[in-house]
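From first to last, the protein sequence lines stand for chains A and B.
Position in the first sequence (first residue = 1) + 3 = my numbering.
Position in the second sequence (first residue = 1) + 15 = my numbering.
Read the hints as simulated data drawn from the structure, not as lab findings.
Note that the structure is a prediction, hence the values are computed from the model and not measured.
Ideal placement from N, C-alpha and C gives every residue a C-beta, glycine not left out.
Hints may contain errors.
[As the list claims (entries may be wrong)] Computed from the model, here is a short list of chain A residues facing chain B with C-beta under 8 Å:
| id | residue |
| --- | --- |
| 1 | HIS32 |
| 2 | THR34 |
| 3 | GLY45 |
| 4 | PRO46 |
| 5 | PHE68 |
| 6 | GLY112 |
[Unchecked claim] Calculated pairs, DSSO-like style, for lysine-lysine (alpha carbon to alpha carbon, straight line, at most 30 Å):
| id | chain 1 | residue 1 | chain 2 | residue 2 |
| --- | --- | --- | --- | --- |
| 7 | B | LYS83 | B | LYS64 |
| 8 | A | LYS81 | A | LYS47 |
| 9 | A | LYS47 | A | LYS74 |
| 10 | A | LYS18 | A | LYS81 |
| 11 | A | LYS47 | B | LYS76 |
| 12 | A | LYS14 | A | LYS65 |
| 13 | A | LYS47 | B | LYS64 |
| 14 | A | LYS18 | A | LYS47 |
| 15 | A | LYS74 | B | LYS83 |
Next come the chains, spelled out residue by residue.
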Amino acid sequence: EAGVAQSPRYKIIEKRQSVAFWCNPISGHATLYWYQQILGQGPKLLIQFQNNGVVDDSQLPKDRFSAERLKGVDSTLKIQPAKLEDSAVYLCASSLALPTNYGYTFGSGTRLTVV
Amino acid sequence: AQSVTQPDIHITVSEGASLELRCNYSYGATPYLFWYVQSPGQGLQLLLKYFSGDTLVQGIKGFEAEFKRSQSSFNLRKPSVHWSDAAEYFCAVGARAAGNKLTFGGGTRVLVKP
Numbered sequence: 004e005a006g007v008a009q010s011p012r013y014k015i016i017e018k019r020q021s022v023a024f025w026c027n028p029i030s031g032h033a034t035l036y037w038y039q040q041i042l043g044q045g046p047k048l049l050i051q052f053q054n055n056g057v058v059d060d061s062q063l064p065k066d067r068f069s070a071e072r073l074k075g076v077d078s079t080l081k082i083q084p085a086k087l088e089d090s091a092v093y094l095c096a097s098s099l100a101l102p103t104n105y106g107y108t109f110g111s112g113t114r115l116t117v118v
Numbered sequence: 016a017q018s019v020t021q022p023d024i025h026i027t028v029s030e031g032a033s034l035e036l037r038c039n040y041s042y043g044a045t046p047y048l049f050w051y052v053q054s055p056g057q058g059l060q061l062l063l064k065y066f067s068g069d070t071l072v073q074g075i076k077g078f079e080a081e082f083k084r085s086q087s088s089f090n091l092r093k094p095s096v097h098w099s100d101a102a103e104y105f106c107a108v109g110a111r112a113a114g115n116k117l118t119f120g121g122g123t124r125v126l127v128k129p
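With the hints as extra help, turn the sequences into a complete structure.
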């Protein structure tokens, strides 16, 4: 099966600019996650979708970050305006909604550098 | 709230030697536990997972992990390390009550000496 697709792979922007990342999950996976991985740290959940509804966005900096999954399939994460501390790898993951399966599959990520 | 601690930031091991990576978690109920590996520039690959049952879990690439409830630990082991095992390893805890989200530890970087 095809994996989780993310684009772009790399992005360099200046602070205060805006940027958007795209994720296409594995077909049939109802749950989609965006994680932020700062260099030298483990991934941290930003937002979790179940179909097109938000399950958890408690750690999403809502003053600058937004995410949507309008049709319950692919998703977009946006940062506006970007800060230097947003430099990180943004990982998208998807899974079936069955906890015993826990078919969590991660994409390769988008590496963002804010200068 | 759930949390994960990986006490070792870096570990250097000789090729062919055994490897053990430590992971301690904090969660009130029975957690789901995972080990992921991340090679440079790559995404996260699942090595193994524990949900219930046998506390010794076998994974891919010759890795295994043991769940010890009394110690709140889920240590990863490999009897004989290959140079290709050089990577960063992340322990993670999840729980259905927490919406299946994963909480990751800070990672352990493994260097393999020839």
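Now the hints, each set against the structure:
Given the 8 Å rule on beta carbons, the hint for HIS32 (chain A) is violated: about 12 Å separates it from the nearest Cβ of chain B. Annotation: THR34 (chain A) was flagged as interfacial toward chain B, and the flag holds, the nearest CB pair being 7 Å apart, inside 8 Å. About 3 Å separates the beta-carbon of GLY45 (chain A) from the nearest beta-carbon of chain B, less than 8 Å, and the hint is met. Restraint check, PRO46 (chain A) versus chain B: the minimum CB separation of about 5 Å is within 8 Å; hint holds.
With a cut of 8 Å, the hint placing PHE68 (chain A) at the interface with chain B is violated, because the nearest CB-to-CB distance is about 16 Å. Annotation: interface hint on GLY112 (chain A) holds; nearest CB of chain B at approximately 6 Å, less than 8 Å. A distance of roughly 14 Å separates the Cα atoms of LYS83 (chain B) and LYS64 (chain B); the hinted pair therefore holds under the 30 Å criterion. As the CA atoms of LYS81 (chain A) and LYS47 (chain A) are separated by approximately 16 Å, the hinted pair is consistent with the 30 Å bound.
In summary, the hint linking LYS47 (chain A) to LYS74 (chain A) is supported, as the alpha carbons are separated by about 25 Å, within the 30 Å threshold. A distance of roughly 14 Å separates the Cα atoms of LYS18 (chain A) and LYS81 (chain A); the hinted pair therefore holds under the 30 Å criterion. Note on LYS47 (chain A) and LYS76 (chain B): the hinted pairing holds, with a Cα-Cα distance of about 26 Å set against a maximum of 30 Å. Between LYS14 (chain A) and LYS65 (chain A) the CA atoms are separated by roughly 21 Å; this keeps the pair inside 30 Å, and the hint holds.
Between LYS47 (chain A) and LYS64 (chain B) the CA atoms are separated by roughly 19 Å; this keeps the pair inside 30 Å, and the hint holds. Among the hinted pairs, LYS18 (chain A) with LYS47 (chain A) is consistent with the structure: their alpha-carbon atoms are about 22 Å apart, no more than 30 Å. Only pairs whose Cα atoms come within 30 Å are accepted, and LYS74 (chain A) paired with LYS83 (chain B) is rejected, the gap being roughly 42 Å.
Of the numbered hints given earlier, the model fails hints 1, 5 and 15; all others are met.
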